[in-house]
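> Just so you know, the protein sequences line up as chains A and B, in that order. Under the working numbering, the first residue of the first sequence is numbered 1, with each subsequent residue one higher. Under the working numbering, the first residue of the second sequence is numbered 1001, with each subsequent residue one higher.
By construction, these hints were calculated from the structure, which means they are not laboratory data. One should not assume that every hint holds.
Label pairs and their computed distance ranges (CB to CB) [unchecked claim]:
hint	chain 1	residue 1	chain 2	residue 2	range
1	B	S1222	A	D265	38 to 48 Å
2	A	D126	B	G1273	53 to 63 Å
3	A	E142	B	S1279	55 to 65 Å
4	A	I118	B	N1106	41 to 51 Å
5	B	K1324	A	G45	33 to 43 Å
6	B	N1106	A	R28	56 to 66 Å
7	B	N1106	A	R112	53 to 63 Å
8	A	E327	B	M1001	45 to 55 Å
The beta carbon of each residue, even a glycine, is placed where N, CA and C say it ideally should be.
Read off the chains here:
There are 2 protein chains.
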Amino acid sequence: MALLVLKFGGTSVSDIERIECVADKIVRETHAGHKVVVVVSAMSGITDRLVGYCLEINELHDVSEYDTVVSAGEQITSGLMAIALQKRGVKARSWLGWQIPIKTNNVYGKARIKSIGIEELHKHLDDGEVAVVPGFQGITEESRISTLGRGGSDTSAVALAAALGADRCDIYTDVNGVYTADPRIVPEASKISRISYEEMLELASLGSKVLQTRSVEMGAKSGVAIQVLSSFDDEVGSALKGTLVVTEEEIVEQVIVTGIAHRQDEAKVTVIGVEDRPSVAAGLFGPLAKAAVNVDMIVQNISADGRTDMTFTINKTDLARAIKVLEEDVECSYDKVITRENVCKISVVGIGMQSHAGVANTMFNTLGEKGINIHVISTSEIKISVLIDSDYTELALRSLHTAYGLDCQESNPE
Amino acid sequence: MALLVLKFGGTSVSDIERIECVADKIVRETHAGHKVVVVVSAMSGITDRLVGYCLEINELHDVSEYDTVVSAGEQITSGLMAIALQKRGVKARSWLGWQIPIKTNNVYGKARIKSIGIEELHKHLDDGEVAVVPGFQGITEESRISTLGRGGSDTSAVALAAALGADRCDIYTDVNGVYTADPRIVPEASKISRISYEEMLELASLGSKVLQTRSVEMGAKSGVAIQVLSSFDDEVGSALKGTLVVTEEEIVEQVIVTGIAHRQDEAKVTVIGVEDRPSVAAGLFGPLAKAAVNVDMIVQNISADGRTDMTFTINKTDLARAIKVLEEDVECSYDKVITRENVCKISVVGIGMQSHAGVANTMFNTLGEKGINIHVISTSEIKISVLIDSDYTELALRSLHTAYGLDCQESNPE
Chain A
1 MALLVLKFGG TSVSDIERIE CVADKIVRET HAGHKVVVVV SAMSGITDRL
51 VGYCLEINEL HDVSEYDTVV SAGEQITSGL MAIALQKRGV KARSWLGWQI
101 PIKTNNVYGK ARIKSIGIEE LHKHLDDGEV AVVPGFQGIT EESRISTLGR
151 GGSDTSAVAL AAALGADRCD IYTDVNGVYT ADPRIVPEAS KISRISYEEM
201 LELASLGSKV LQTRSVEMGA KSGVAIQVLS SFDDEVGSAL KGTLVVTEEE
251 IVEQVIVTGI AHRQDEAKVT VIGVEDRPSV AAGLFGPLAK AAVNVDMIVQ
301 NISADGRTDM TFTINKTDLA RAIKVLEEDV ECSYDKVITR ENVCKISVVG
351 IGMQSHAGVA NTMFNTLGEK GINIHVISTS EIKISVLIDS DYTELALRSL
401 HTAYGLDCQE SNPE
Chain B
1001 MALLVLKFGG TSVSDIERIE CVADKIVRET HAGHKVVVVV SAMSGITDRL
1051 VGYCLEINEL HDVSEYDTVV SAGEQITSGL MAIALQKRGV KARSWLGWQI
1101 PIKTNNVYGK ARIKSIGIEE LHKHLDDGEV AVVPGFQGIT EESRISTLGR
1151 GGSDTSAVAL AAALGADRCD IYTDVNGVYT ADPRIVPEAS KISRISYEEM
1201 LELASLGSKV LQTRSVEMGA KSGVAIQVLS SFDDEVGSAL KGTLVVTEEE
1251 IVEQVIVTGI AHRQDEAKVT VIGVEDRPSV AAGLFGPLAK AAVNVDMIVQ
1301 NISADGRTDM TFTINKTDLA RAIKVLEEDV ECSYDKVITR ENVCKISVVG
1351 IGMQSHAGVA NTMFNTLGEK GINIHVISTS EIKISVLIDS DYTELALRSL
1401 HTAYGLDCQE SNPE
């Protein structure tokens, strides 16, 4: 008998029919004798509609009120799921964020979980009751509803699993696992059966939109095993047919490169002729951070005549804001700004890289052979990212997938 | 400077455009220097959709989960209204039922308010902040969300007005007041400028769907002046152009009959040949009450041979259930049951009746002259109700309206 946290995303609970299917799945786990906590997202479309309402009234709306509005979506699903479980003869009740409580800080819209009250939950779970928790929401120190940011239901699930000491956190979504590359682009991509938190973190933050980044961080910190699997398959999580995110030690056969991610929504900004003196980077990136522009890759060219060029990438949607900041707020002089929108970031990720030389070289050679120009390079211990023209995305992904020996590799041998 | 509670129903906040219009109205009251508490319903259609979801999964759903689901509608409006007010430069915040708290008993789906925490609210109101409260919801002793029954937002508003010692509770709806009869049927009907709680109670429970019955009871108990007015008119509540519900003493010019209500959704049930002995009524109506069948008018015919006929009216939707109870559960013998669905209850209501003879006589004569057969009669101190065939509804209403001198009476002289 295990304690499981099962999380179902928006497409898994898109309508009443899907909610009933999910309820059937949950019942199979309870009938197998497991204690179950269910975390649900809003029925798909609802959150977007509620966000749209807030934006329609005021683009610069009060985020605490926004949280009160949008958290209603998950609240609705939690009650409906409890009703669906009860119909199947399973004891169940909904537990809203403030009822548990899931306490967060006061950063509305992007709150972080500080603590979770588990005593009452444990009592009800011991009593054979399924706890249905709306994801994405918590309660602040001011006793108001907070939300954890888009995709925050993953974080709710992993945080609950960690707090309750769950044996596993199953994230049911519309894909049946994490792949070596986007299968829509690389047909040879295969499902990864086990991946480390660190690798998943790089893949999550690089655009494989399977798990919210923070949920993986939390899993790594707490050691909760996270499984990504499809709610549209007939299997339940206990069959372990999805992708398991675990510690490095739990991965038996290490490969050098685990997967290749890409991200299309980047924009490149180059600031030409920046005066090259200490603290110039702070003068440039400080105001950008203040304006909530998330800077990703940063490259500084060699200095000449006391001037340098600074290149960085940001999210495309932040481009207009970034230019405004550069024109009005930065505390250093420069000649001009050049921007480029049609760029794509490609990253190869793998724990094995740490002990293998030549991984970067394979990447540069492969791209060079195909005539693909690299704009920016950035590396970490377990990944190498390059920025290229968008037009070459498919070509780069497929060539790299082959070059790293990922094609047709049976990484999911069940 | 007054403290006002303003309640806006579903059609008044049906979409973002209407929410913005209502926000403008509220701002006019705050600019006039009033402290304002706003109570909002769900955007029209949302509650029905949420109720539909619950029914779709299980008609016999857990009502506590139902409450968690349907209360989300008002929660959404409250956040959106706060955002709309803030955009207009007015300080505002939403206050959910559990945040205030509005404490209720544990009767989910039809909870009754037990107490309201007003200290924090008063602090914020004194600080010039508008409090936006989702109607219809509270928190039970088990710290779960409860709802007050359909139309419960009226009760939320009046209860808040009573607890806060408000000067007036304005119920904004889609009609501009209470009329002497339904203007769609009686074109000569006129708006009533002042009506007593008792009269309003009779009219509310008799089918003038303007105010939830319990809200009027609460107004009578607490003495809060309630005004019914239209959110679609250009005026605000402080102009007092709607219908004011007040104590009998505050009504200057008393008329004998204030208004005529009708109710089409009644069904008549006659139980023939019931054994006539003490406690037979309890044996008949006890099981009906237990099955939540609301019995309205009751008439018992004279007894013959130790047997009597019992006639009563119920809501049409309860008819099938009532027959089942009569067949299976009643603890007395009878010959047979006759039912009739196409009936209408017509009631003349007026405080003035208490001191005037002949009101009933006028009714019977008027209906008799038009050849309208009366099935059942029931009276109280301030009303006389008759049950007639539905076909005669319009004829009866118009004839009675004329007979009681209500035609073209200028009861709204502003």
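> Hints numbered earlier in the text: which of these fail when held up against the supplied structure?
Result: hints 1, 4, 6, 7 break, sorted rising.
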